[in-house]
Amino acid sequence: MSDENMDIKLKVWRQKGPTQAGYFEDHKVSANPHMSFLEMLDVLNEQLLNDGKEPVAFDHDCREGICGACSMVIDGAPHGPRKGTTTCQLHMREYNDGDEIVIEPWRAKAFPVIKDLVVDRRAFDRIQQAGGYVSVSTGSSPDANAIPIGKRDADEAFDYAACIGCGACVAACPNASAMLFVSAKVAHLSLLPQGQVERVERVRKMVDAMDFEGFGGCTNHGECEASCPKTISVDAIGLLNREYMRAGLSRD
Amino acid sequence: MSSGNAPPLDRLVKALTSTISLKIVMAVTGIAGAGFVIFHMLGNLQMFLGREAYNTYAEFMQNLGELKWVARLGLLGILFGHVSTAVLLVQRNTAARPEGYYTQKRKRTSVAAVYMAQLGIVLLLFIIYHILHFTGGMIHTDLGYELVEMGPNGARRDLYTHVINSFSNPLIALTYVAANLALALHLAHGATSMFKTIGFGVGRWKVPVEAIGPAFGVIVGLGNISMPIAVLTGVIGAN
Ligand code: HEM
Ligand code: FES
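From first to last, the protein sequence lines are chains A and B.
Position 6 of the first sequence, counted from 1, bears residue number 6 in the numbering used here, the numbering being contiguous throughout.
Position 61 of the second sequence, counted from 1, bears residue number 313 in the numbering used here, the numbering being contiguous throughout.
Hints listed in this document are in silico derivations from the structure and should not be mistaken for laboratory results.
Honestly, I wouldn't trust all of these hints.
To be verified - Straight-line Cα separation of at most 27 Å, BS3-like style, residue types lysine-lysine; simulated pairs:
#1 A/Lys109 to B/Lys357
#2 A/Lys28 to A/Lys16
#3 A/Lys11 to A/Lys28
#4 A/Lys109 to A/Lys230
#5 A/Lys11 to B/Lys357
#6 B/Lys357 to A/Lys230
#7 A/Lys9 to B/Lys357
#8 B/Lys320 to A/Lys230
#9 B/Lys266 to A/Lys83
#10 A/Lys28 to B/Lys458
#11 A/Lys16 to A/Lys115
#12 B/Lys359 to A/Lys109
#13 A/Lys83 to A/Lys109
#14 A/Lys83 to B/Lys357
#15 A/Lys11 to A/Lys151
#16 A/Lys53 to A/Lys28
#17 A/Lys151 to B/Lys458
#18 B/Lys357 to A/Lys115
#19 A/Lys109 to B/Lys266
Stated by the list, open to error - These stretches of chain A come out as covered by chain B in the derived footprint (C-beta under 8 Å, 3 or more residues):
#20 58 to 69
#21 160 to 167
#22 197 to 211
To be verified - If you want the footprint, here are the derived chain B segments under chain A, 3+ residues with CB under 8 Å:
#23 322 to 331
#24 418 to 426
#25 453 to 462
These numbers were taken from a predicted model, which means no experiment stands behind them.
Even for Gly, the Cβ is constructed at its ideal location relative to N, Cα and C.
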């Protein structure tokens with residue numbers, strides 16, 4: 001890999017506020033291949049500030065792939081071209097001198113744009129609050145062998161628990177469906193013994209909340225799994241559907 | 253929003269109109285439709301066995317009496333359930349993304365999956381045309397809907413000749429070929445999707461469920477398209 005700076009053309013979505021119309025703005029930055037994608041945007045913003053212009057608003061926090069804040073669609077792919085990677089983990093070495101990169105916000109009715117690339121993802125918090133919890137005592141941690149959990153259930157629950165709630169599944173889905181997110185939460189908790197108490201109510205409340213927020217439904221395209229930075233399997237949606245039917249058959 | 257305190261009936265109504273419930277109705281009616289499609293195809297493939305076999309099968313079906321009407325109304329109900337849930341879900345899915353992307357990469361999905369609704373519209377139009385043509389005899393009447401032959405139990409419809417006359421017209425034959433391509437695509441995605449929707453396509457069932465859609469599409473496509481092609485090329489009915 002060369003260490004030389006590359007000239008990158010950017011086509012970035014600008015939108016002053018939730019009710020204003022947005023538009024694309026063209027920019028040029030000189031980016032080093034060692035930079036992360038967000039550092040490249042930092043360079044752009046420094047440039048804009050020096051020119052007395054408004055910097056591009058984008059969400060970020062941990063910059064190490066665990067918080068899920070760095071939402072943006074890069075050349076049509078949430079979090080960019082790499083599999084199992086968040087935007088903050090993407091590096092400019094993926095690109096070549098002269099490349100043009102299109103950057104847009106997540107687009108979904110339930111994720112309204114706040115400014116530029118920043119969207120309001122509180123719909124996910126509300127779904128989570130509706131039922132994505134266990135209300136057992138969490139006091140001091142019990143002995144590891146106090147609650148036996150089968151190996152397979154433990155492994156699967158752990159895989160689903162990897163969801164960072166970034167919203168890439170919604171952004172990638174042709175129907176802007178949140179089913180991968182909801183199903184990862186439901187599958188994670190309902191596979192574990194601690195999650196049994198609220199099992200029936202959880203899936204109902206979370207699906208209600210999901211519909212209420214205005215997300216679409218699953219038509220089994222599989223785009224969510226392909227775009228998930230934590231590579232969560234769409235099998236979760238199958239488990240969600242099972243849980244939902246199981247709850248539907250319960251007497252109350 | 254959700255509440256465990258709402259009256260039981262309200263909660264039931266809410267549960268039955270959720271996105272997942274509507275999708276399950278779509279899947280179950282889709283499974284029933286797919287079952288019918290296989291049955292319908294196997295019945296009609298008997299035209300390869302010749303006039304006698306085909307017309308005997310047609311006579312048997314026509315003489316089912318009450319049962320025939322139960323089946324017809326059942327199929328109509330299934331189609332209604334499928335189309336109405338399709339309309340509701342497509343509306344919700346479209347409303348979920350009011351502003352589209354400048355570019356959106358498709359990493360995983362298929363042409364069939366993307367165009368399910370459009371393929372469905374083609375199927376709906378075709379179903380209407382098909383019933384008017386072969387079942388009702390209200391169009392293409394000059395092609396032999398009224399034809400009668402003597403069977404072992406007396407006079408019966410000569411459906412065989414009606415089919416041969418119809419498919420000898422290239423325009424009609426090609427219409428059937430095109431419609432069945434649409435059906436094959438719709439089922440290539442649908443017959444996998446329906447099992448996933450009812451929560452079946454996980455774990456050890458994942459691979460078979462992913463295979464069944466494309467397999468179903470190919471079988472139904474080849475089977476149904478073979479008939480107009482066979483007539484058009486003189487493989488059947490030339491005698
Ligand atoms: C021969 C008649 C038909 C058969 C056998 C059939 C079968 C199926 C099946 C098996 C599915 C999958 C259900 C699921 O995903 O869970 C499906 C989905 C669908 N069908 Fe049909 N269908 C037929 C006609 C129609 C018609 C007339 C329409 C609409 C006008 C339609 C629209 C749709 C739509 C929009 C989907 C959802 C697509 C998706 O989930 O990806 N279908 N169909
Ligand atoms: S900034 Fe936290 S995941 Fe990217």
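Evaluated hints:
1. A/Lys109 to B/Lys357: Holds, at roughly 19 Å.
2. A/Lys28 to A/Lys16: This hinted pair holds, its Cα atoms lying about 21 Å apart.
3. A/Lys11 to A/Lys28: Since the Cα atoms of A/Lys11 and A/Lys28 sit roughly 9 Å apart, the hinted pair holds (cutoff 27 Å).
4. A/Lys109 to A/Lys230: 24 Å, holds
5. A/Lys11 to B/Lys357: 16 Å, holds
6. B/Lys357 to A/Lys230: 18 Å, holds
7. A/Lys9 to B/Lys357: Between A/Lys9 and B/Lys357 the Cα gap is close to 19 Å, so the pair holds against 27 Å.
8. B/Lys320 to A/Lys230: Cα-Cα ~53 Å, so violated.
9. B/Lys266 to A/Lys83: 38 Å, violated
10. A/Lys28 to B/Lys458: 46 Å, violated
11. A/Lys16 to A/Lys115: Given that 27 Å is the threshold and the Cα spacing comes to 5 Å, the pair holds.
12. B/Lys359 to A/Lys109: Measuring from Cα to Cα gives roughly 22 Å; hence the hint holds.
13. A/Lys83 to A/Lys109: Given pair A/Lys83, A/Lys109 holds - Cα atoms ~26 Å apart, limit 27 Å.
14. A/Lys83 to B/Lys357: 13 Å, holds
15. A/Lys11 to A/Lys151: 47 Å, violated
16. A/Lys53 to A/Lys28: Holds, at about 14 Å.
17. A/Lys151 to B/Lys458: 20 Å, holds
18. B/Lys357 to A/Lys115: 23 Å, holds
19. A/Lys109 to B/Lys266: 21 Å, holds
20. 58 to 69: violated (count 0)
21. 160 to 167: violated (count 0)
22. 197 to 211: Per the Cβ count (8), the hint holds.
23. 322 to 331: Answer violated; 0 residues pass the 8 Å Cβ test.
24. 418 to 426: violated (count 0)
25. 453 to 462: holds (count 4)
When held up to the earlier numbered hints, the structure conflicts with 8, 9, 10, 15, 20, 21, 23, 24 and fits the remainder.
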